[in-house]
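> All chains should be modelled from the sequences, with the hints used to inform the complete structure.
Next come the chains, spelled out residue by residue.
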Amino acid sequence: MAYPLVQALILTFTSEGGAGLTLANWHSVFSDPMFWEALKNTLLLTGVIIPLQVLLALLLALFVNSKFRGYMIVIYLITIPLALSDVSAALMSYNIFSPQGYLNKVLLNLGLIHEPIYFFGFNVKSREFWIIVLTEVWRATPLVFVILLAGLQMIGKEYFEAADVFGFSRLQKFFYITLPLLKTSLQSALLLRTLFAFQIFGVVWLLAGRDIPILAGETFYQQTELQDYNVAAVYGVIIAIISVIISWFYLTFLKGAKELSES
Amino acid sequence: MIGKLLKAFKAETGIDVEFVALTYNEMLSRMIAEQKSGKVTLSLVGDLHGGLDVMASRGLLQEIKDISLPNRTFIPTLEKYSVIKGKKVYVPWMQATYVMVVNKEAYKYLPKGLTVDDIKKPTKKWTYDALLAWAKNLKEKTGSPKFGLPMAPKGLFHRFLHGYLLPSFTGYQAKKFNSPGSVKAWEYMRKLIKYTQPASSTWAAMSEPLSKGEVWLAWDHTARIKPAIVQSPEKFDVIPVPKGPAGRGYIIVAVGLAVPKGAPAKEEAYKLIEYLTRPDIQISVLQNVGFFPTVKEAAGAIPAGALKVLAQGVVAQSSAPDSIVAMIPNLGKLGGKFTNTYREVFRRVVLQKMDIKKEIARAGKYLQKLFKEAGAPIQ
Numbered sequence: 001m002a003y004p005l006v007q008a009l010i011l012t013f014t015s016e017g018g019a020g021l022t023l024a025n026w027h028s029v030f031s032d033p034m035f036w037e038a039l040k041n042t043l044l045l046t047g048v049i050i051p052l053q054v055l056l057a058l059l060l061a062l063f064v065n066s067k068f069r070g071y072m073i074v075i076y077l078i079t080i081p082l083a084l085s086d087v088s089a090a091l092m093s094y095n096i097f098s099p100q101g102y103l104n105k106v107l108l109n110l111g112l113i114h115e116p117i118y119f120f121g122f123n124v125k126s127r128e129f130w131i132i133v134l135t136e137v138w139r140a141t142p143l144v145f146v147i148l149l150a151g152l153q154m155i156g157k158e159y160f161e162a163a164d165v166f167g168f169s170r171l172q173k174f175f176y177i178t179l180p181l182l183k184t185s186l187q188s189a190l191l192l193r194t195l196f197a198f199q200i201f202g203v204v205w206l207l208a209g210r211d212i213p214i215l216a217g218e219t220f221y222q223q224t225e226l227q228d229y230n231v232a233a234v235y236g237v238i239i240a241i242i243s244v245i246i247s248w249f250y251l252t253f254l255k256g257a258k259e260l261s262e263s
Numbered sequence: 001m002i003g004k005l006l007k008a009f010k011a012e013t014g015i016d017v018e019f020v021a022l023t024y025n026e027m028l029s030r031m032i033a034e035q036k037s038g039k040v041t042l043s044l045v046g047d048l049h050g051g052l053d054v055m056a057s058r059g060l061l062q063e064i065k066d067i068s069l070p071n072r073t074f075i076p077t078l079e080k081y082s083v084i085k086g087k088k089v090y091v092p093w094m095q096a097t098y099v100m101v102v103n104k105e106a107y108k109y110l111p112k113g114l115t116v117d118d119i120k121k122p123t124k125k126w127t128y129d130a131l132l133a134w135a136k137n138l139k140e141k142t143g144s145p146k147f148g149l150p151m152a153p154k155g156l157f158h159r160f161l162h163g164y165l166l167p168s169f170t171g172y173q174a175k176k177f178n179s180p181g182s183v184k185a186w187e188y189m190r191k192l193i194k195y196t197q198p199a200s201s202t203w204a205a206m207s208e209p210l211s212k213g214e215v216w217l218a219w220d221h222t223a224r225i226k227p228a229i230v231q232s233p234e235k236f237d238v239i240p241v242p243k244g245p246a247g248r249g250y251i252i253v254a255v256g257l258a259v260p261k262g263a264p265a266k267e268e269a270y271k272l273i274e275y276l277t278r279p280d281i282q283i284s285v286l287q288n289v290g291f292f293p294t295v296k297e298a299a300g301a302i303p304a305g306a307l308k309v310l311a312q313g314v315v316a317q318s319s320a321p322d323s324i325v326a327m328i329p330n331l332g333k334l335g336g337k338f339t340n341t342y343r344e345v346f347r348r349v350v351l352q353k354m355d356i357k358k359e360i361a362r363a364g365k366y367l368q369k370l371f372k373e374a375g376a377p378i379q
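Protein chains in written order, with the numbering used here: chain A, 1 to 263; chain B, 1 to 379.
Hints are supplied without guarantee of correctness; some may be wrong.
Claimed, not checked - Quick list of the computed label-pair ranges, beta carbon to beta carbon:
(1) B:SER319 with A:SER243: 46 to 52 Å
(2) B:PRO227 with A:LEU82: 32 to 38 Å
(3) A:ILE113 with B:PRO227: 28 to 34 Å
(4) A:LEU84 with B:GLY59: 52 to 58 Å
(5) A:LEU84 with B:ILE15: 50 to 56 Å
(6) B:PRO227 with A:VAL74: 41 to 47 Å
Claimed, not checked - Stretch by stretch, here's where chain A covers chain B in the computed footprint (C-beta under 8 Å, at least three residues):
(7) 138-152
(8) 201-213
If you're looking for bench data, these hints aren't it; they were derived computationally from the structure.
Note that the Cβ used here is the ideal one computed from N, Cα and C, for glycine as well.
Here it is in structure tokens:
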């Protein structure tokens with residue numbers, strides 16, 4: 001496992017044909033405005049998608065965990081997107097929002113609009129951004145949902161029975177019992193999702209191309225289109241470094257959770 | 001396809017041909033090695049013009065003036081390029097190019113003074129300014145932009161920039177990248193983009209948007225528009241590209257057949273070249289793999305339908321008297337960086353409205369560096 005990692009690192013400090021070590025690849029990445037735009041977009045997408053997913057997944061998990069009649073069916077429905085690859089999710093999304101897509105067809109047929117609304121294109125980048133967010137939230141929220149639901153189901157009933165004795169309100173039960181005991185699950189979900197978000201690729205690539213450059217997309221572009229394996233390796237290593245920082249951040253920041261659940 | 005052709009060739013002549021599929025780099029290094037050791041095994045090579053050009057300048061190819069190919073007229077533009085440094089080194093085998101497609105609906109919105117005939121022929125009136133006026137009309141009179149370009153990362157938009165726009169405005173693909181003509185070209189793109197369908201940046205091939213009617217006028221590689229035309233040949237015309245102040249710039253992807261120096265089976269190779277350039281074989285290549293004939297007799301004999309529509313446009317384009325033919329430069333691994341430079345300048349200058357002169361000065365220098373690094377003459 002270490003071998004490709006070391007190889008990638010070596011690639012970033014060497015150049016094709018040139019002997020010896022060089023910082024040229026790193027320099028060319030940092031002086032390329034596309035890199036900074038890609039970094040900004042990746043951070044922005046992560047920053048918007050993750051909170052939305054966690055909030056939505058938490059609400060869904062709480063809802064399903066109340067175990068109403070037929071809740072199993074709801075679980076199945078929510079988890080369907082888990083089986084989808086990012087590419088198929090993106091294609092489904094494209095079929096809905098493209099100029100000739102379902103949404104525009106419905107609106108045109110209802111007479112609400114007379115010309116299709118464009119969701120994709122170089123002059124509607126913010127719309128592209130929100131379609132990507134929507135697609136990612138739809139596609140990847142089930143993962144967070146499953147983890148949180150499992151966490152909720154592990155919380156013992158006795159806590160809530162005790163809370164009832166003390167006359168806790170529902171809100172108090174949520175903030176003083178559910179949320180603290182859910183911290184470990186939240187931590188895992190956040191860690192997994194944030195790491196995946198930094199590798200976001202298929203959805204953005206298919207829906208926005210390089211209108212919205214992202215780190216993984218630029219890695220791919222450098223490797224396949226520009227055939228600059230050294231620069232592509234720099235991008236790869238940068239994604240890896242950011243991932244390590246995020247993991248460290250979550251593990252330190254949410255450290256209290258583990259102790260609490262063990263006590 | 002090649003297997004089928006070679007089998008038929010053997011049945012006719014009794015000559016057994018072994019086909020070896022090699023990448024360009026593999027083929028070049030093998031030919032160099034065979035030449036050096038004096039033990040040549042390849043008798044016939046087929047490659048793009050750019051590759052054959054390199055082989056010829058390294059002295060790896062035989063002059064093939066003595067080949068006899070009766071009853072076929074090669075397209076003069078292609079014939080001209082098969083003579084490298086005064087020596088006839090290959091026979092044009094197949095060609096592909098990038099053309100424009102028009103949904104016949106769009107003819108209703110032609111700008112004043114421009115006729116369908118002007119475009120199809122093409123005449124001097126079919127210019128980039130006329131295209132701009134047409135695209136503007138289409139947008140304003142139909143309510144949405146109807147001109148499209150394959151601008152997605154996997155699309156071939158960069159070929160439009162380096163092989164069509166710049167040669168038409170400057171006469172060259174890269175040589176005059178930093179020039180007043182180039183400034184005009186980029187200013188033109190700033191205007192054209194206003195009437196270009198914005199979803200272009202998500203399209204890798206124009207076939208689907210054409211089929212769906214999302215665009216009525218588009219530019220793309222022949223292979224990437226073919227499906228739309230096959231689906232409804234009566235709906236579309238394939239037309240030559242417009243001309244700019246310097247001429248009608250377009251790319252020809254020429255594939256040729258050449259004989260390496262010291263080939264062990266030269267006579268048999270000649271026979272195979274004769275076979276592969278027969279009009280009926282050329283038509284079956286077009287039907288199966290979408291590469292166009294290089295002999296006029298074949299172009300005239302294509303049965304009616306989608307392929308005929310396509311071939312008419314291709315032949316009209318390559319026969320235009322004001323042609324500036326651009327061959328995709330053979331820069332090896334640097335090819336991606338070459339095309340990316342055009343896309344980057346487009347992004348910065350047209351989409352982000354950065355200063356044209358500053359950007360083309362910087363990119364022009366970079367292009368020169370790329371050609372130098374690749375050891376290719378700047379075009």
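> Work down the list of hints and note, for each, if the structure agrees.
Okay, the hints, checked on the actual structure:
In this structure the supplied range 46 to 52 Å is violated for B:SER319 paired with A:SER243, their Cβ-Cβ distance being about 57 Å. Distance hint for B:PRO227 and A:LEU82: a CB-CB separation of about 34 Å, consistent with the stated range 32 to 38 Å. Between A:ILE113 and B:PRO227 the CB atoms are about 29 Å apart, so this pair conforms to the stated range of 28 to 34 Å. The hint said 52 to 58 Å for the Cβ distance between A:LEU84 and B:GLY59, and at roughly 56 Å that hint holds.
Hint check: A:LEU84 to B:ILE15, Cβ distance near 54 Å, so the stated range 50 to 56 Å holds. In this structure, B:PRO227 and A:VAL74 meet the distance hint of 41 to 47 Å, their C-beta atoms being roughly 42 Å apart. Residue count for the segment 138-152 of chain B with a Cβ under 8 Å from a Cβ of chain A: 4. That meets the three needed, and the coverage hint holds. Coverage of the segment 201-213 of chain B by chain A holds. Counting CB-CB distances below 8 Å, 4 residues qualify, and the rule asks for three or more.
Checked against the numbered hints above, the structure breaks only hint 1 and satisfies the rest.
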